[in-house]
Amino acid sequence: MITLRNVSKRFGKRVAVANLNLDIPRGGIFGLLGHNGAGKSTTIGMVLGQVTPDAGSVQIGGIDVFDDRQRALAGVGAIFEAPAFCEYLSGWRNLRILCEYSAPFDPGRAREVVELVGLTGRIDDRVATYSHGMRQRLALAQALLPRPELLILDEPSEGLDPEGIHEMRNLILRLNREWGLTILFSSHLLAEVQQLCSDLAVMREGELLFAGNWRELDADRQWVKIRADRQADAERGLQSAGLVDLFEYDGRGRLATGVAVPQLAAWLVSNSFAVEALHPIERTLEDFYLETIHNVRDAAQK
Amino acid sequence: MFATQLKNELWKLAARKRTHIGFAAFVLVQLTILLLLQLPKAKRAFAQLLTSNGYLPGDYYAGLTLGLLIIVFTISLLGALYVALVGGDVVAKEVEDGGMRMILSRPISRLRLLTIKWLACAIYTFVLMLFLGVTSLLAGTIYRHGLGNLFVFVPHEGIFSAFDTGEGLYRYCQSVLVLGIVTQIITAVAFMFSCFKVKPAAATILTLSVMFVDFVLRNIPYFASFQKYFVSYHTACWVRTYNDVIPWWSIGESLAYLTGIGATCWIIGAMVFCARDFKS
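Chains G and B, in that order, give the protein sequences. So that you can map any letter, position 228 of the first sequence is 228 in our numbering, and since no number is skipped, the others follow by simple counting. So that you can map any letter, position 277 of the second sequence is 277 in our numbering, and since no number is skipped, the others follow by simple counting.
Do not take every clue at face value.
Unchecked claim - No more than 20 Å apart at the CA atoms, straight line, and that leaves these computed lysine to any residue pairs for SDA-like:
1. B:279 - G:57
2. G:13 - B:197
3. B:17 - G:88
4. B:93 - B:279
5. B:7 - G:96
6. B:17 - G:89
7. B:7 - B:123
8. B:7 - G:106
9. G:225 - G:277
10. B:279 - G:204
11. B:279 - G:12
FYI, nobody ran anything at the bench for these hints, they're computed from the structure. Just so you know, these numbers come straight off a predicted model, no measurement behind them.
Turn these sequences into a full structure, and let the hints steer you where they fit.
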């Protein structure tokens, strides 16, 4: 659906995106992760034709965004972290104005999306009276008006309360499953991303560190958490004995292929370590993200 | 579709609180000027000017003359500032608050978007000048219970004219229409600055600075022979409609000059707007 090839962008001396190659498949939910300044918003800006890359090409559905922006964006809707509207106009009027920048306004369709985002009762009120969550929903409504195939969400949950985050997540899932939209979104909220998608890209300082399905990456490997006296010695010993591949923070380790938890317990006891805790753990996206971002993973796995 | 987009842009401009406050402020300024013109000293000076030239103050101190005086002072005090504010705001404000990103995520070309905004701004400025023309005349007419005759004295343009009611009203309407066209240059300069990566206030201040410097330089005797190169010389062409014989050729020349400057501003603004990156 979206293809970025050798895309680079600098702002002055700062490299915002460096030689980015990324393919975002049709029909799924794709997450874009990274800390502030990692290049996520610049990447989204380039996909939408708002930021011109210094090099490379960006295509949506096979159409180059910078050769034929209007055709490339014909099936795209987007929302940003702080949606801005004409405060003094009603939500309905705002929808109408935004829609008519590119297509005739269809009131029936507008009612449909307003109902979907749950703004039916307030759509005729002035936007100035809307909460942040309502503005975000109005932004989503405007993005959905032109019947997009691709929805781009830049930090959609930013600034929302827990209930708002929950609603936004359900809405995103619904749009993907029921409406069949391809969704690209960036977020800092790892728990959110974990619940929404498996396919993601991790960026750091403009570079792509990982792209793909993070759950499949370690599907055949088990992770454990170990707490023992002389923790550092225990970790070193287990790695030397070839039982554990690597240790992360807080005693979290990845077992070597074919190794089971009882073997670890046996080794620790036989080497006179007092074991306080030893149990398998489920890898979270946060674990994966921190590991990726801190370059622990070896190059081949990247 | 273009007409709909233009209508929407005008709607956005017209519905703003700033528009309502601005228009109300103009009326307030007009009433204040009307009050100040009633001060004995002002009245005396006016009467003296007329009588020393063989006119009866009672015939000319009337609705049309007051209307013209009010519009001249209103434009000088508030007009340029307000027009620069609107022009400087229209792109820069939308970029600043993030609305532009939302618009540009839609399949609309930047050039088309800018054209719509420019036209909306131009229409808004023109309507504002018509509004000022009507309200100034209304204020003067209501206060003096009639239009009366029109007396115009503009020393630096060499204009000293007196018209009866019919001719005076005709000249007044013509001058307001030309004023509506010449003020477009302030909109154009402000709009151009608004397309750069600057705050809305900076676009307004830059515009006013350019206009002020132009005006000051034009009035320095050293530059007397370069008068026709200054924008303020040409913007003053609207008062030339009060010459006994209207110098349409000269007015046309000024309007053409201003159109050229405006077009240059448009091209520069459009180039900057089309080339720049929009990012939060």
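Practice prompt. Measure nothing beyond the straight line between the CA atoms of residue 279 of chain B and residue 57 of chain G; if it is 20 Å or shorter, mark the hint as holding.
Written response: 18 Å, holds
Worksheet entry | Proposed proximity, residue 279 of chain B with residue 93 of chain B (alpha carbon, max 20 Å) | Holds: residue 93 of chain B and residue 279 of chain B sit about 14 Å apart, inside 20 Å.
Discussion item. With the threshold set at 20 Å, check whether the alpha-carbon distance from residue 17 of chain B to residue 88 of chain G stays at or below it.
Written reply: OK: residue 17 of chain B and residue 88 of chain G at ~7 Å, within 20 Å.
Worksheet item: Straight-line Cα separation of residue 225 of chain G and residue 277 of chain G no greater than 20 Å?
Response: Holds: residue 225 of chain G and residue 277 of chain G sit about 7 Å apart, inside 20 Å.
Worksheet item: For the pair supplied as a hint, residue 279 of chain B and residue 204 of chain G, is the alpha-carbon distance within the 20 Å limit?
Response: Holds, at roughly 18 Å.
Worksheet entry | Agreement of residue 7 of chain B and residue 106 of chain G with the hint, judged by alpha carbon distance not exceeding 20 Å | 17 Å, holds
Item to complete: Assess, step by step, whether the Cα of residue 13 of chain G is no farther than 20 Å from the Cα of residue 197 of chain B, and give holds or violated.
Response: Distance ~18 Å between residue 13 of chain G and residue 197 of chain B Cα, so the pair holds.
Worksheet item: Are the Cα positions of residue 17 of chain B and residue 89 of chain G separated by 20 Å at most?
Response: 10 Å, holds
Worksheet item: Is it true that the CA of residue 7 of chain B sits at most 20 Å from the CA of residue 123 of chain B?
Response: Given pair residue 7 of chain B, residue 123 of chain B holds - Cα atoms ~11 Å apart, limit 20 Å.
Worksheet item: Is the hinted pair residue 7 of chain B and residue 96 of chain G satisfied, with a Cα-Cα distance of at most 20 Å?
Response: 12 Å, holds
Discussion item. Tell me if the straight-line CA distance from residue 279 of chain B to residue 12 of chain G falls inside 20 Å.
Written reply: Given pair residue 279 of chain B, residue 12 of chain G holds - Cα atoms ~14 Å apart, limit 20 Å.
In summary, the structure agrees with every hint in the numbered list given earlier.
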